[in-house]
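Undergrad: Here the sequence shown is numbered in the numbering used here, starting from 1 and rising by one per residue.
Because the hints were derived from the structure by calculation, they are not lab data. We put the beta carbon where it would ideally sit given N, CA and C, even for glycine. Misleading hints may appear alongside valid ones.
Once the Cα atoms are required to be at most 25 Å apart in a straight line, the calculated DMTMM-like pairs of lysine to aspartate or glutamate come out as [what the hints assert, rightly or not]:
1) LYS148 with ASP256
2) LYS350 with GLU122
3) LYS390 with ASP133
4) LYS380 with GLU194
5) LYS294 with ASP219
6) LYS352 with GLU298
7) LYS294 with ASP348
8) LYS294 with GLU194
9) LYS380 with ASP219
10) LYS320 with GLU394
11) LYS264 with GLU147
12) LYS352 with ASP128
Label-pair restraints from in silico Cβ distances [as the list claims (entries may be wrong)]:
13) HIS110 with PRO393: 18 to 28 Å
14) GLY231 with GLN395: 43 to 53 Å
15) GLU122 with GLN290: 35 to 45 Å
16) GLY231 with HIS398: 42 to 52 Å
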Amino acid sequence: MRLRFRPFRWRTTVEIICALLFALSLYQNFVTHISTSAVHIYYHYENYTSQRSMDIHLAMILRGRKTVLRMQTLMKSIMYYQGRMDERTNECQYNSYVPRLCTTRRPPRHRPIHLHIIGDEETRNLTDQIFRDWHLDDFHWTSYSLEKYLPTFSLMPNFHRAGRVTMVKLLIPYILPISIPKAIVIDSDTLLNENIADLWDYFDRFNATQVFGCAWEQDSSDPECNTSSPGPITSYGVNSGVMLMNLFKMRQVDWDSIWREASKQHLRYTLVFTRGEQDILNTVINLHPQLYYKIPCEWHVQLYSTVAGSCCPVVWPERKSDEVDCITKSGSTGTYQRPNMAYLVHCDTKWKPEDYEETDIPSLGLAQISHSLTTDQLRKRFYEVYHQFKRLPEQCFH
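Given the sequences, and given the hints that come with them, work out the whole structure.
TA: Next comes the structure, spelled out in structure tokens:
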């Protein structure tokens, strides 16, 4: 029998070597760049002022007209669950036709809101015009230049579809003024199903060393996604679409040095960022687990994975802003149990609600369902609720 030898593929080998050398050069350039491109750091922590101490501070990074439209809808859901909607007119009626599942009423806590928008010039102009025309009580907003901070990440080998934009979240402790001690960092493609003040209260649960909080990534291919993990996070890490940042404590621990060192550590092993800032946050948590607080999954229900519903089983009934203690029947026994409510839902999919036609017929089955929703049902429910809030005129809110 005659043996045939496969010729050695010099071209393939050379291409691999060149690719590795190129990746190494990128890493070296990045390490040099990330070590020298520091943002303005605040060192005078004693300057904190208690002025407007009741404000809930929200921070969003927006780029493009669509993100502004989503932000408007998100703000309507936030205002609604603070009891800041006048439903006395027909055009301001929200889910009034749905039978109730919630038997207990609690007056919504009305807290002042300060929205911090980090956006490009077009976005800042749009949001400034929107909020000048939208006369909300106890509401303030401040705009910051996104372009100013993007160069910090210009040499990062980042393959995430959001690009460099969301990585600016890492700089928020130094973008927002030093007088602001805490902020909820939230993506625009989210909806509230509970009072934002209840999420703010989780800051009080931080221990002395915890400086930021995130929910776990909800991916059912991870067997630990719905259970306790031997470490602070599962193998899939955290999702940064909703973050609690104790800005005061993050500045105290020198957060700027921590995330920069974590980014270099991550690249030593992977050479690229595939999940943007989440890669860095996961590395920070592995290096400094004492800094991390786990947010309950109900406060960040994610729709990306097709089977994520098994990671965080929830229901999403229709309810008024003052309705709590929602209950649901369990099986054929007729007994009642307290389900896990979806308090905040994140449409972290490629396709967003505006990419689909509006649904005028409410999905009563999804609103009153007696068992936890699948991810597909959660997506449909999100689209339905999103368009309900989107259709409500701004003048309905105060």
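Undergrad: Give a verdict on every hint.
TA: Each hint tested on the structure:
1. LYS148 with ASP256: This hinted pair holds, its Cα atoms lying about 16 Å apart.
2. LYS350 with GLU122: Status holds; Cα separation ~22 Å.
3. LYS390 with ASP133: Judged against 25 Å, a Cα distance of about 17 Å means the pair holds.
4. LYS380 with GLU194: 19 Å, holds
5. LYS294 with ASP219: The given pair, whose Cα atoms are some 16 Å apart, holds under the 25 Å limit.
6. LYS352 with GLU298: 21 Å, holds
7. LYS294 with ASP348: Holds, because 19 Å separates the two Cα atoms, which is no more than 25 Å.
8. LYS294 with GLU194: 19 Å, holds
9. LYS380 with ASP219: Roughly 19 Å between the alpha carbons, so the hint for LYS380 and ASP219 holds.
10. LYS320 with GLU394: Holds - the C-alpha atoms of GLU394 and LYS320 are around 18 Å apart, at most 25 Å.
11. LYS264 with GLU147: 23 Å, holds
12. LYS352 with ASP128: Holds. LYS352 to ASP128 sits at ~24 Å (cutoff 25 Å).
13. HIS110 with PRO393: 18 to 28 Å: Check passed, 21 Å falls within 18 to 28 Å.
14. GLY231 with GLN395: 43 to 53 Å: 49 Å, holds
15. GLU122 with GLN290: 35 to 45 Å: Since GLU122 and GLN290 have Cβ atoms about 41 Å apart, the given range 35 to 45 Å holds.
16. GLY231 with HIS398: 42 to 52 Å: 46 Å, holds
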